[in-house]
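Undergrad: Following the hints, position chain Y against chain E.
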Amino acid sequence: GNSVTQMEGPVTLSEEAFLTINCTYTATGYPSLFWYVQYPGEGLQLLLKATKADDKGSNKGFEATYRKETTSFHLEKGSVQVSDSAVYFCALDLNNNDMRFGAGTRLTVKP
Amino acid sequence: DSGVTQTPKHLITATGQRVTLRCSPRSGDLSVYWYQQSLDQGLQFLIQYYNGEERAKGNILERFSAQQFPDLHSELNLSSLELGDSALYFCASSVGTAPGELFFGEGSRLTVL
Numbered sequence: 084g085n086s087v088t089q090m091e092g093p094v095t096l097s098e099e100a101f102l103t104i105n106c107t108y109t110a111t112g113y114p115s116l117f118w119y120v121q122y123p124g125e126g127l128q129l130l131l132k133a134t135k136a137d138d139k140g141s142n143k144g145f146e147a148t149y150r151k152e153t154t155s156f157h158l159e160k161g162s163v164q165v166s167d168s169a170v171y172f173c174a175l176d177l178n179n180n181d182m183r184f185g186a187g188t189r190l191t192v193k194p
Numbered sequence: 011d012s013g014v015t016q017t018p019k020h021l022i023t024a025t026g027q028r029v030t031l032r033c034s035p036r037s038g039d040l041s042v043y044w045y046q047q048s049l050d051q052g053l054q055f056l057i058q059y060y061n062g063e064e065r066a067k068g069n070i071l072e073r074f075s076a077q078q079f080p081d082l083h084s085e086l087n088l089s090s091l092e093l094g095d096s097a098l099y100f101c102a103s104s105v106g107t108a109p110g111e112l113f114f115g116e117g118s119r120l121t122v123l
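Protein chains in written order, with the working numbering: chain E, 84 to 194; chain Y, 11 to 123.
Just so you know, the hints here were simulated from the structure itself, not pulled from any lab data.
Using N, Cα and C, we set each Cβ at its ideal position, and we do this for glycine too.
What you were told as hints is all true, and nothing was included just to trick you.
Restricting the straight-line Cα-Cα distance to at most 16 Å, the calculated cross-link-like pairs of lysine to aspartate or glutamate (EDC-like) are: (1) E:K143 with E:E159; (2) Y:K19 with Y:E116; (3) E:K132 with Y:E111; (4) E:K132 with E:E159; (5) Y:K67 with E:D181; (6) Y:K19 with E:E125; (7) Y:K67 with Y:E85; (8) E:K193 with E:D167; (9) E:K132 with E:E146.
Label pairs and their calculated CB-CB ranges: (10) Y:F79 with E:P194: 44 to 54 Å; (11) Y:G62 with E:S162: 44 to 54 Å; (12) E:E125 with Y:Q54: 10 to 20 Å; (13) Y:F79 with E:F101: 45 to 55 Å; (14) Y:A24 with E:G84: 30 to 40 Å; (15) E:P93 with Y:R32: 29 to 39 Å.
In isolation and in its complexed conformation, chain E is listed as follows (with noise of 0.2 Å):
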């Protein structure tokens, strides 16, 4: 079936950091792809998204580029912050009005 598979957390990194969440995904068809992002407290909010193979997607800072080919869509940033502490979700739409979501990976970043 469709799912979306993302690396266990924690994660714990210092300020400055560079951070890799990785994700891969299965589908029958030729999903979008999106990262979401949980603040402490509040819900989901898009990331940013890619909806064909080699797009990339990127917002504040963060990267995310759709491969095919190995079937991943991992999640990037060069310079850390303690603000981007939150669970970060990537998810999977094959338009069929059913969002698949992976576990969410949970960030922490220290100062």
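TA: Just chain Y now, kept in the frame of chain E:
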């Protein structure tokens, strides 16, 4: 502020009881989605409504039901509550029938004692 409003924010109740969670979608959005977030199962899709009609069903228990009203607000009814139903319930909305970008409310935290 996503524009999606959920009430109540917190709810504590006992096993066997029934509760109703309410969601007002973002202005102009016709689709409403309900998700359950628990520690051990992540974010699970429950059900989607589009313009008053049920559009898709996910892992929703028979004890749970939902509806979307003509003014587009939605209610999720949870009955015969069990301890395992304790979770954060999110409502999300989108413009069209396919998720695309979802706008989430802040969630309703349900605790079943």
